[in-house]
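S.K.: Given chain V, work out where chain H should sit, using these hints.
Protein chains in written order, with our numbering: chain V, 665 to 776; chain H, 32 to 146.
By construction, these hints were calculated from the structure, which means they are not laboratory data. Be aware that one or more of the hints could be misleading.
In silico DMTMM-like cross-links for lysine to aspartate or glutamate, where the CA-CA straight-line distance does not exceed 20 Å [what the hints assert, rightly or not]:
| # | chain 1 | residue 1 | chain 2 | residue 2 |
| --- | --- | --- | --- | --- |
| 1 | V | Lys763 | H | Asp69 |
| 2 | V | Lys667 | H | Glu90 |
| 3 | V | Lys721 | H | Glu134 |
From the derived model, a few chain H residues whose C-beta atoms are all more than 12 Å from chain V [unchecked claim]:
| # | residue |
| --- | --- |
| 4 | Asn59 |
| 5 | Ser64 |
| 6 | Gly140 |
C-beta atoms are modelled at their ideal positions from N, C-alpha and C, and glycine is treated no differently.
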Amino acid sequence: SQKIEQNSEALNIQEGKTATLTCNYTNYSPAYLQWYRQDPGRGPVFLLLIRENEKEKRKERLKVTFDTTLKQSLFHITASQPADSATYLCALDEVGTYKYIFGTGTRLKVLA
Amino acid sequence: NAGVTQTPKFQVLKTGQSMTLQCAQDMNHEYMSWYRQDPGMGLRLIHYSVGAGITDQGEVPNGYNVSRSTTEDFPLRLLSAAPSQTSVYFCASSMTGTSGRYEQYFGPGTRLTVT
Numbered sequence: 665s666q667k668i669e670q671n672s673e674a675l676n677i678q679e680g681k682t683a684t685l686t687c688n689y690t691n692y693s694p695a696y697l698q699w700y701r702q703d704p705g706r707g708p709v710f711l712l713l714i715r716e717n718e719k720e721k722r723k724e725r726l727k728v729t730f731d732t733t734l735k736q737s738l739f740h741i742t743a744s745q746p747a748d749s750a751t752y753l754c755a756l757d758e759v760g761t762y763k764y765i766f767g768t769g770t771r772l773k774v775l776a
Numbered sequence: 032n033a034g035v036t037q038t039p040k041f042q043v044l045k046t047g048q049s050m051t052l053q054c055a056q057d058m059n060h061e062y063m064s065w066y067r068q069d070p071g072m073g074l075r076l077i078h079y080s081v082g083a084g085i086t087d088q089g090e091v092p093n094g095y096n097v098s099r100s101t102t103e104d105f106p107l108r109l110l111s112a113a114p115s116q117t118s119v120y121f122c123a124s125s126m127t128g129t130s131g132r133y134e135q136y137f138g139p140g141t142r143l144t145v146t
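The following block holds chain V by itself, in its conformation from the complex:
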């Protein structure tokens, strides 16, 4: 079965530094990979989507990479701020279906 792994341990980082979160997947090759942000007590909010033929995607301070050979996506937040503290989820779709699989998320805490 498809599986997505994100570092379940919280990531603490000093304000101003770059945070890097990892998403590894197994067993298939998705056409798209998505990243979401979730704050406590709220639903996930979409951040970025990257296609399999894109190596990198940027949006303001966010950057996502997609390595289909390693079956890995990296999510970077540059110049991190305390307001970036949240849980970040990656998601894939089962190819040919509309079934999305989410990772368990990585909790990021940016220290002032």
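M.R.: Frame of chain V; chain H shown alone:
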């Protein structure tokens, strides 16, 4: 636009009771889905729909029913609640096209406790 709305926000049920979690969206999205989120388990897909009259099972469908009579609404029914269904439930919607191509919009969630 209100986006995706869910009611109720909180619910406590006794084992064996039934109830319906409501979900509505005003973005004319064809695709709607229900997830449950448990600590350490992430979001798991319960049921989804790609349009009115079309539903299908996700990863954890047992104990839940859905129907899709309109584009806007996608209710989730718990037929006989069990403590294992204690969770936070999220409804989501998106445009339909090449799978995975479109972002999902999530509702605020329903926190359900079954005693």
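S.K.: If any of the earlier hints don't hold here, list their numbers in rising order.
M.R.: 5 and 6
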